[in-house]
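Engineer: Can you make the complete structure from the sequences, with help from the hints?
Letter by letter, the chains look like this.
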Amino acid sequence: MKKIKENPIVKKLGFNRIVLTGVLILMYVLLSLMVNNFAGLPRIMSALNYAYFLGFLSLGVTFVIATGGIDFSIGPVMFCCALVAGYSLTSKGIPMLPSLLISIVVGLIFGTWNGYLVAYWKVPPFIVSMASMNMAKGIASVFTKTQSVSWPQAAQGGWFRNLVKVGKFPVGLVVFLCVAVICSIILNHTKAGRYMLSLGSNREAVRLSGVDIKKWEMLAYILCGILVGIAAIYYVGAYTTVQPGYGDQYNNEAIAGCVMGGTSMAGGLASIGGTVIGVFIIALLQEGILALGFTKDYQLIITGLIVIVAVYADVMARRRKN
Amino acid sequence: MGEVILEMKEIDKTFPGVHALDHVNFEVRKGEVHALMGENGAGKSTLMKVLTGIYTKDSGSIIYEGKDIEFHGAREAQDAGVVIVHQELNMVGHLTVAQNIFIGREFKKGIKIDDKKMNEEAKKLFDRLNIDIDPTATMSDLTVGKQQMCEIAKAISHEAKVIIFDEPSAALTESEIEDLFKIIRDLREQQMAIVYISHRMDEIKVITDRVTVMRDGCYVGTLITDECTKDDIINMMVGRVIYEEPKTKSMVAPDAPVVLKVEHLNAGKMVQDVSFELRKGEILGFSGLMGAGRTETARAIFGADPKESGDIYVNGEKVVINSPQDAVKHGIGYLSEDRKRFGIVVQKSVAENTTMADLPNYIKGIFINKKKEREVAQKFVDSLNTKTPGVDQLVVNLSGGNQQKVVIAKWLCKNCDILIFDEPTRGIDVGAKNEIYKLMNKLAAEGKSIIMISSEMTEILRMSDRVVVMCEGRKTGEIAIEEATQENIMNMATREIG
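As they're listed, the protein sequences go chains A and B. Residue 1 is where the first sequence starts when you use the working numbering, and the numbers rise one by one after that. Residue 1001 is where the second sequence starts when you use the working numbering, and the numbers rise one by one after that.
Keep in mind that the hints were calculated from the coordinates and are not lab data. What you are looking at is a predicted structure, and each value in this text was computed from that prediction instead of being measured. Using N, Cα and C, we set each Cβ at its ideal position, and we do this for glycine too. It is possible that part of the hints are untrue.
A short, non-exhaustive set of chain B residues, derived as facing chain A with CB atoms under 8 Å [unchecked claim]:
#, residue
1, Gln1325
2, Val1328
3, Ser1336
4, Ile1344
5, Lys1348
6, Leu1359
Structural biologist: Spelled out as structure tokens, the structure:
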């Protein structure tokens, strides 16, 4: 076992990520055996639709968790982005491209707001994001007058759906993986990422090194906000309609994907590659649960358990190290 | 003195990189006060932690009341009658005295907590100790001395047979220490066995019956207090370890420019009207008892904590320092006494920690130039003789002395000219200590200016070119190394300010 972990190739890829990939493949094989017609493109495309928006959320929250924070507002903020942008598009006559930008800007505003309160006012992230979650729901309801919003189909000028797929080609997958690579570079190869991880590990030591920790902490939330705005586009690209007042469940799922991928809730340790695989597992799981004939409620239960098990595994791993 | 109640034999304990306890022997008898002495890092606390099961021993045996035992935690030791009164008090501030004493084992009446009974029981304990504390008072309203007495009462309430005092006098005033000694004598009368850990030679002579000295994790010997002199104990504590040559005169040129001038610095109760000058190439020792305000002064200068007033001049120019960022900009680096909390990021590598303060200089485009980073880190590993398998090693895996070197490398990498070393050798074993001393002398010779805060008198006398002494938040003296002695520094450190 130890020998396997010491192997340079395994070390490079990360033992945890290899195991997770194994789990992902195993899940797919099992589901294919258990459910008729599970194997094949339609199911994969359906799971991918789920993986895109959840993936962007999960990438975003990875930055926040890396700093030792948490964001429970991402799901409802994503809905708020989709609703505000969608309403602007369908009821205010704003063209498609600016509407998509509005979605990202709304995410950015929420991210900045969360980040500012956490970094500069030192309000606990848990409280800030809980408050933002409700504010996002409220703002979306007020803005749309509590109406649900349906984004246009491809034939009615909904060209943004090409961002999800063109014919059978999964454009979304390409975009998602590209963004993931960019996130990975930011986290591991730039000053911003270095400081985010370092301050997540030992905030005081970084501050006493003369680093402006507030700025970098806030930046993590801003990046998260932008990614939430992108997630909103992929949500409506796949599911068309958004309703005010929802989105909470995706918090849990996004955080589950992130923590399962090896990002530590205590901060300081994060893996973008792990998050990507974690997200695929959650997406496949949700597809599998529906295919097995269970309702969506079971998915809530299972994701809840996954979060607890993943966090517990992280706690135990750190205790062993000490 | 009565029979031996507790005996530790051949206790051995190794941490990664440090042989913390090397076959140590220790015993304590009923009705005696037994001092456990040694310099910082000698292994006193480790030995007590092994006793109470906070650490597990690698080998050796513990015999308590004639039986071979092994405790698995403070709670288990407590139940058996072995209790530690810690240096840092473990009290819940907003609960009452009685509630604190009986925390975790409250008296109950049905399902309700019986506060009345707890107050009565607490009163009985205080009566037994001849001290006057109101059991219904809120803990945070009491002075530190009174709080400590509550801690002692709590210890006794556990039917303690062995009480270990870990540097109990560090935070107490003179009169509180008197009271403490009175209590300790009473406990001795009641045939309790008392272990007294302290640095203060005077107290040892006054209160203890026997002295056991440890050095570098080894048992040195046990003496009967009345039959030995202070010098005997000091010799045993210091041993024949050859340190860097002690300074007999200042190494600073008489015309060396002043690089840092602090005037009338105020920051809370712990920093009151502190003024001093630091010259190029100088090691300025800051001496004083624990809680004298030295760390607070350093943190205020460095901008880590807010200050109320005062001027700071760097190289003759007045500067504004409101945050560590400002301080670093002006070339000031701070090495905290608590490396793990304030110095290093343990989950990051040696290279990443080295460039922590100077990262903007390792950016190419938008990326970190990891090649350059690793080269520079390697350079410092070589020049500071840091023992690490490589610059990619996580700092968490390094020993204390080597972690300290990584922190030094961080500030040298940033090219800071003014370095504040706060207890630079705390928790570092003797070999590494000597290396840190050498390094500080080398840095000073190269023209860096160093403020060295130290609670070890020998360290102050060995390293400083000049000594500033603080007491209760004020500067109470300043003395050239040529005239400094343990006695006159101690006098200034305990001076009553009228």
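Engineer: All the hints need checking, so say for each whether the structure fits it.
Structural biologist: Quick rundown of the hints versus the structure:
no. : hint    : in the structure
1   : Gln1325 : holds (5 Å)
2   : Val1328 : holds (3 Å)
3   : Ser1336 : holds (7 Å)
4   : Ile1344 : holds (6 Å)
5   : Lys1348 : holds (6 Å)
6   : Leu1359 : holds (5 Å)
Every hint from the earlier list agrees with this structure, and none is contradicted.
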